[in-house]
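**Q** So you can see what is in the structure, the chains are spelled out below.
Protein chains: 4
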Amino acid sequence: MSKELANWSPLRRKLHEIIFEAETTEGRVFDIVLLIAILVSVIVVMLETVDSYRLQYGTLFNTLEWFFTVIFAIEYGLRIYCVTKPSKYIFSFFGLVDLLSILPTFISLVLAGTQSLMIIRGLRLLRVFRIFKLAHFLSQGQIIITALKASREKIVVFMIFILILVSIFGSLMYLIEGQSNSGFDSIPRSVYWAVVTLTTVGYGDISPVTSIGQFIASLIMIAGYAILAVPTGIVTGEIIKGAGVKKKLTESCPHCMAEGHDVDAIYCKYCGEQLNQ
Amino acid sequence: MSKELANWSPLRRKLHEIIFEAETTEGRVFDIVLLIAILVSVIVVMLETVDSYRLQYGTLFNTLEWFFTVIFAIEYGLRIYCVTKPSKYIFSFFGLVDLLSILPTFISLVLAGTQSLMIIRGLRLLRVFRIFKLAHFLSQGQIIITALKASREKIVVFMIFILILVSIFGSLMYLIEGQSNSGFDSIPRSVYWAVVTLTTVGYGDISPVTSIGQFIASLIMIAGYAILAVPTGIVTGEIIKGAGVKKKLTESCPHCMAEGHDVDAIYCKYCGEQLNQ
Amino acid sequence: MSKELANWSPLRRKLHEIIFEAETTEGRVFDIVLLIAILVSVIVVMLETVDSYRLQYGTLFNTLEWFFTVIFAIEYGLRIYCVTKPSKYIFSFFGLVDLLSILPTFISLVLAGTQSLMIIRGLRLLRVFRIFKLAHFLSQGQIIITALKASREKIVVFMIFILILVSIFGSLMYLIEGQSNSGFDSIPRSVYWAVVTLTTVGYGDISPVTSIGQFIASLIMIAGYAILAVPTGIVTGEIIKGAGVKKKLTESCPHCMAEGHDVDAIYCKYCGEQLNQ
Amino acid sequence: MSKELANWSPLRRKLHEIIFEAETTEGRVFDIVLLIAILVSVIVVMLETVDSYRLQYGTLFNTLEWFFTVIFAIEYGLRIYCVTKPSKYIFSFFGLVDLLSILPTFISLVLAGTQSLMIIRGLRLLRVFRIFKLAHFLSQGQIIITALKASREKIVVFMIFILILVSIFGSLMYLIEGQSNSGFDSIPRSVYWAVVTLTTVGYGDISPVTSIGQFIASLIMIAGYAILAVPTGIVTGEIIKGAGVKKKLTESCPHCMAEGHDVDAIYCKYCGEQLNQ
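Residue numbers (the numbering used here), protein chains in the order written: chain Z, 1 to 277; chain U, 1001 to 1277; chain B, 2001 to 2277; chain A, 3001 to 3277.
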């Protein structure tokens, strides 16, 4: 326990433990209850936008909305109260998300149509990963994040290349199809088509109709085949590097200084000397 | 042969051998005949739902349906009769599937429209892998399953991330396109669109029409490019790890009999004894 | 030169060399001219099916068709004449393709509408890989083929699993959407939809319209995400295994018997003894 | 500084440094300003094709177009003036792109409708990678390019195979669907459909309607599943080979200065000298 915490009242200390730590039973219960509340409130916000449900359950949705907003507001207040450095929490990513997830309901009293912004509550679900911390999930997520971080520069280079490519392809198709196809009526729209095609999404809301257009589109798609392989290759490479590195002892043999011993090695595999474990 | 089996009548023992073992000729013939019967019965159930076929071959389909149901009911009875522990079989995955694949026909005598449920027979086709056991197929399937199991935690973390992502993207598009596009008339529908887009399925039943919507959609698709690479990377990494395990010496230590030494090891890493190379 | 060849007339020997070998200048010229002829004849067959082109260039197409057919018939005759074992060639894959690529034109004199079958000529283009033999292309193709062959069993297991999966998913969607959506009017059609969805093709000719249908479809798509990764992982694993094995000397050190030396090593990296190279 | 440069006037030398080098502050500022100018001019060309924007901001767009054209013309002149070998620059890839990006505006004075060709300016954005040179981005891009180059032959073999495959599939579907489906009215169009399907783009502008057509299409899609894995496997394999190169000692041999020893090497593998570990 830090020196600062020791000066706190027992209530504040207990609250800090429940809200910010997931190791104790109370902490875990709090986290799980909070997650369920967030999940239900997100579902309520979503269902409220469906006309048929709003007509039937409008009052219920409204009540639940205020209920969760009050709950989250209290939780927000308690977090500020029992955090070691309030300003650091308030301006952290989760601090801002927590604030933004309660504001829209209050603003909707003055301005109409802002309730949809409450969907920002969805971001609070990212807290789910705090609970998974206990179940080795975080380390798994860590491998993915590490792989994506390590691929960052390659991905950026790749993205710039893709952006230039779809601009060129889009403009080309605008020149070819623009006259006879209402879908390719401007370059930005043709670029949108190129993105839809190259990523193999292929809505079909815009598609080439002339023979030459379909021919060029076929070439773009086949080229996209090889291009699609690039980000997969990058990320796969990083994940294999991150996950597949066989753990080795960092310690070297005290006699022959050889390194690279397996973690379960007791004797040096090169000179037979016992390792210091 | 277990002690219990020895007390059985020869008929019951023979039946057990034919039905539950695939090593004998009779056992393999039984398995193959059963598989063909399941396959034909599944095709019959499927074709029966096509209007034109039902009108023409309705009576044939009905006869075949009862024929297979009776066959499968007898097989189910025999399985219970000649299994070592009937209750264990009845409540196993295949036991329940076997029961559920004969029930709908009988229930359809009382309630109409339940025949379609017979499609659950399709699950019985999973028995096909029992026969493949003989041809190294199972070990191949095992590698895939092991890889998927090892990726399980990473896949779950990834799925949760995807669910939060499509919620945010869907809500964003609802705010942008909701006014001018009947496809984005509620958040759940917009989330459905986000799933269709991010997985690169791209039906085109819902697609953005405003310039800003198409711009955001393009960004989502390009982001989806990198995201699509993640599960591929995870599974590929596990398959490579499972299949490409680092070569080890086949030789065991002459002193402590430990195995798994690196190919360049000179001394046993567990007891320090020199290896015979 | 084999004994049999030695008894042949010089013309027959020369023809054999030109037609079946790609190492001599004449052989390469023959192969390239043949490939161009096949390519042009395939394009002619394709363009002939386009109404506007057939009306305008019908006579030209007809003339070219007979021209190429006669050329290919002569080539077929010469191949039989100068091959060592005619029957082996005639019943080989390429022998049958060669025959089937000239038959339709002759049959069309009697029966109308068989010209389209001439597209089988496209298979003759596979001969292109014979020429590439000279440019290391074949060995590259070999790596792909070896990888696919090594993955064969895994792919078969995977395909059976996919077929069972799309049957179950298709039937499920038939039960859910069948009443309210003309696209899901039979199980075979719903299975077709499941294939279109799971492979992320997503035409959109059939798509769910009910809320529950869209929800289940979303789950199928997200599941398809992980499933899509499996064949990629399998093939990638095999390609890496086939191509990425670092070459090592098979020879061990004469002094310390250490193995695993790089191909350019002159001295043992463990004991400093000179290697026998 | 080369001998030739030394004879130049200080102005020309300074210009050379600013325009062709990115290491000095002026050089970097010049590159960044140039990139922004290119980006804005590309956006102007794109937006000009949108009817609503052209009507409203037509004059502004026209003015900006001439402004950027003059700027780029001056830049082009300066590049020729201060390059060591003008002819080499003029006929290089970037030299031709630089020329082609200013010509259309001047040609549009004589011929209408050539402005769209200015989109070729987009290619100038590839200069962005020059700036990234400073931030290790180029080496990352280099890994991708090296991987793609190493996969070149495999990709070509694969592409030829895909082209033959889509020709066969397209012709087959033309024979099956041609009578009853206006989408498959010629082989080239059916081949276009096969490309759209096999690459999993799936617009849905053409889709099979007959039962047998949908059945064959399903088989093509499932086959496409395994095929899609091939380019991914090829590129991933090369990226892993390129990036995951086995770690080597950074230390060189104290005797022969050879580098590239394995991390577990004790003696130099080239001269047998003991390494300093």
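The reader is advised that the hints may include incorrect statements.
Mimicking DSBU-like on lysine-lysine, the simulated pairs with C-alpha atoms at most 35 Å apart in a straight line are [to be verified]:
id, chain 1, residue 1, chain 2, residue 2
1, U, 1241, B, 2149
2, B, 2241, Z, 241
3, A, 3014, A, 3088
4, Z, 149, A, 3241
5, U, 1088, Z, 241
Some chain Z residues judged to face chain U by a derived CB distance under 8 Å, without partners named [unchecked claim]:
id, residue
6, 46
7, 50
8, 200
9, 212
10, 215
By construction, these hints were calculated from the structure, which means they are not laboratory data. A virtual CB, placed ideally from N, CA and C, is assigned to each residue, including glycine.
**Q** Between residue 1241/U and residue 2149/B, does the CA-CA distance stay at or below 35 Å?
**A** holds, 20 Å
**Q** Does residue 212/Z meet its interface restraint, that is, does its C-beta lie within less than 8 Å of any C-beta in chain U?
**A** Violated: closest Cβ of chain U sits about 23 Å from residue 212/Z, beyond 8 Å.
**Q** Given the hint that residue 1088/U pairs with residue 241/Z, test it: the Cα-Cα distance must not exceed 35 Å.
**A** With a Cα-Cα distance of about 44 Å, the restraint between residue 1088/U and residue 241/Z is violated, given a limit of 35 Å.
**Q** Are residue 46/Z and chain U close enough, Cβ to Cβ, to be under 8 Å, as the hint says?
**A** holds, 4 Å
**Q** Close enough to count: is the Cβ of residue 200/Z nearer than 8 Å to one in chain U?
**A** holds, 5 Å
**Q** Is residue 3014/A close enough to residue 3088/A, meaning Cα to Cα at most 35 Å?
**A** holds, 20 Å
**Q** Hinted pair, alpha-carbon criterion (35 Å max): residue 2241/B, residue 241/Z. Please report holds or violated.
**A** holds, 16 Å
**Q** Against chain U, run the beta carbon of residue 50/Z and see if the smallest gap drops under 8 Å.
**A** holds, 4 Å
**Q** Interface hint check: residue 215/Z, Cβ to nearest Cβ on chain U, cutoff 8 Å. Holds or violated?
**A** violated, 22 Å
**Q** So if I understand the rule, the pair passes when the alpha-carbon distance is 35 Å or less; does residue 149/Z with residue 3241/A pass?
**A** holds, 20 Å
Comparing the model with each numbered hint stated earlier shows that hints 5, 9 and 10 do not hold.
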